[in-house]
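A.B. asks: Sequences listed follow chains H and B, in order.
Each residue of the first sequence is one higher than the one before, counting from 1 in the working numbering.
Each residue of the second sequence is one higher than the one before, counting from 1 in the working numbering.
Simulated from the structure, these hints should not be mistaken for lab results.
All figures in this text were calculated on a predicted structure; none of them were measured in a lab.
All residues carry an ideal CB built from backbone N, CA and C; glycine is no exception.
Take these hints with a grain of salt, some might be off.
These stretches of chain H come out as covered by chain B in the derived footprint (C-beta under 8 Å, 3 or more residues) [what the hints assert, rightly or not]:
#1 26-32
#2 93-103
#3 107-120
In the EDC-like style, the derived pairs of lysine to aspartate or glutamate whose C-alpha atoms are separated by at most 16 Å in a straight line are [what the hints assert, rightly or not]:
#4 B:Lys3 x B:Asp50
#5 H:Lys37 x H:Glu19
#6 B:Lys16 x H:Glu83
#7 B:Lys16 x H:Glu19
#8 B:Lys95 x B:Glu69
#9 B:Lys92 x B:Glu65
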Amino acid sequence: MPPTDSLAGVLADLSASFEGCVVWAVRAILESDVNVKAPFEAICAVPEGSSLYCILPTASTRYYAQLVVGLEESEIETLFPGEMDPRVRKDAIGEMANVISGLFVADDQFIARFGYLRPSTPFFSEGAFTARKDWGLKGRVEANGKQMILHFSIRELGDAPAPTEKSAGEDASKREGRPD
Amino acid sequence: MSKRIVIVDDSLFLIKQLTAFMEVAMGFTVVGTGSDGNQAVALYRQHKPDLITLDITMPNKDGMEALAEILEEFPDANIMMISAIRGQEMTKCIKTGARAYMEKPLLFNDDQFVRDFKASLAEVFDA
Chain H
1 MPPTDSLAGV LADLSASFEG CVVWAVRAIL ESDVNVKAPF EAICAVPEGS SLYCILPTAS
61 TRYYAQLVVG LEESEIETLF PGEMDPRVRK DAIGEMANVI SGLFVADDQF IARFGYLRPS
121 TPFFSEGAFT ARKDWGLKGR VEANGKQMIL HFSIRELGDA PAPTEKSAGE DASKREGRPD
Chain B
1 MSKRIVIVDD SLFLIKQLTA FMEVAMGFTV VGTGSDGNQA VALYRQHKPD LITLDITMPN
61 KDGMEALAEI LEEFPDANIM MISAIRGQEM TKCIKTGARA YMEKPLLFND DQFVRDFKAS
121 LAEVFDA
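Bound conformation, chain H alone:
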C-alpha cells in the first residue's frame, strides 16, 4: 500500500538514496560486504527490537530528525573482528551513524524538501529506548554475519502535530507481529 501522507510519500521517494548511504557507509567503516535484509521503507514507528541503540540527532530550526542504529551489544565484537578495544568498537558504531547521516542529509533531494539539517554528536542507549512515533525510513542490513536496524525519522518542529492514528495506523498494524 502506498504511504498515506505527503511526508511519508517524500520519505518513500528518498528510500533508495537512504539505502545507498547506509550500504556505502557500513561497507566503508566495517570494510565488509553488506547485504540488505529488510528493504528500506517509509514507516511510522518507534525504533525497537534491539538491545543497543546509537542515536544521532540532526536538526534545523524547522525539523528534528534522528538516525537510530539498533544492534545487539553482544554482536559488536563480531561486527569488528579486527578491533580489540571494546571502546573503539562501540565508538565505530557512532562513526558509522555519523557518516550515514552526513551523507543522507546532504542528498540534493533531501535538502530540496527539508533544507539543511546539522548533525549533532551520537549517543548510546542500552535496553529501553523511548521515542515518539514519527515518520521515517527503516530497514535492516547484515555485515560480517550480524544484522543492524537503521531507522531515520523526521518531524516538523513547532506546532506541527504528531502523525495521526489514521496516517500512522496502516504501518503500525503492518508492523505488528513482524519481527524486527
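Guided by the hints, dock chain B onto chain H, whose structure is given.
C.D. replies: Chain B in isolation, oriented as in the chain H frame:
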C-alpha cells in the same frame, strides 16, 4: 625531524585510525589528541603543532568554534577539518581559514582516497 600533529575528534575510532595512518604512512609524530573544541585550543597552545585536525561536531565546543579561536590567536595555524558533514559547512570552514577539508569516512585502504588525502596535506604545507 618529523612534522608534529594534534588530532581532535570525539571518536576514538577516528583518532586511532588517523594516528596510525599519520605516523606509519606519513611519518608524522602525534603529539596530542583531544575529544572536543576546548581541548583543541588548549592542545594547540601547548604544542603549537605543524598541523591540527579538527572534527566539526564535538561536545562542549565544536570544531568551527575551535577553528576560529585558534586562528584568532595563531593566524598561521595549519588546520585540517575532518568531518562527515558535507556541503555548506565545508565552505564556511575554508572561508574561516581552514587549510583543507576531508570528508569522513577516512578510507585509508582506498588508493584514490589516500592520493587525495596526501594531496590535501601537500596543499596545506605548500600554502
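A.B. asks: So, for every hint listed, does it hold in this structure?
C.D. replies: Cross-check of the supplied hints:
no.	hint	verdict
1	26-32	holds (count 3)
2	93-103	holds (count 7)
3	107-120	holds (count 5)
4	B:Lys3 x B:Asp50	holds (6 Å)
5	H:Lys37 x H:Glu19	holds (11 Å)
6	B:Lys16 x H:Glu83	holds (11 Å)
7	B:Lys16 x H:Glu19	violated (28 Å)
8	B:Lys95 x B:Glu69	holds (14 Å)
9	B:Lys92 x B:Glu65	holds (11 Å)
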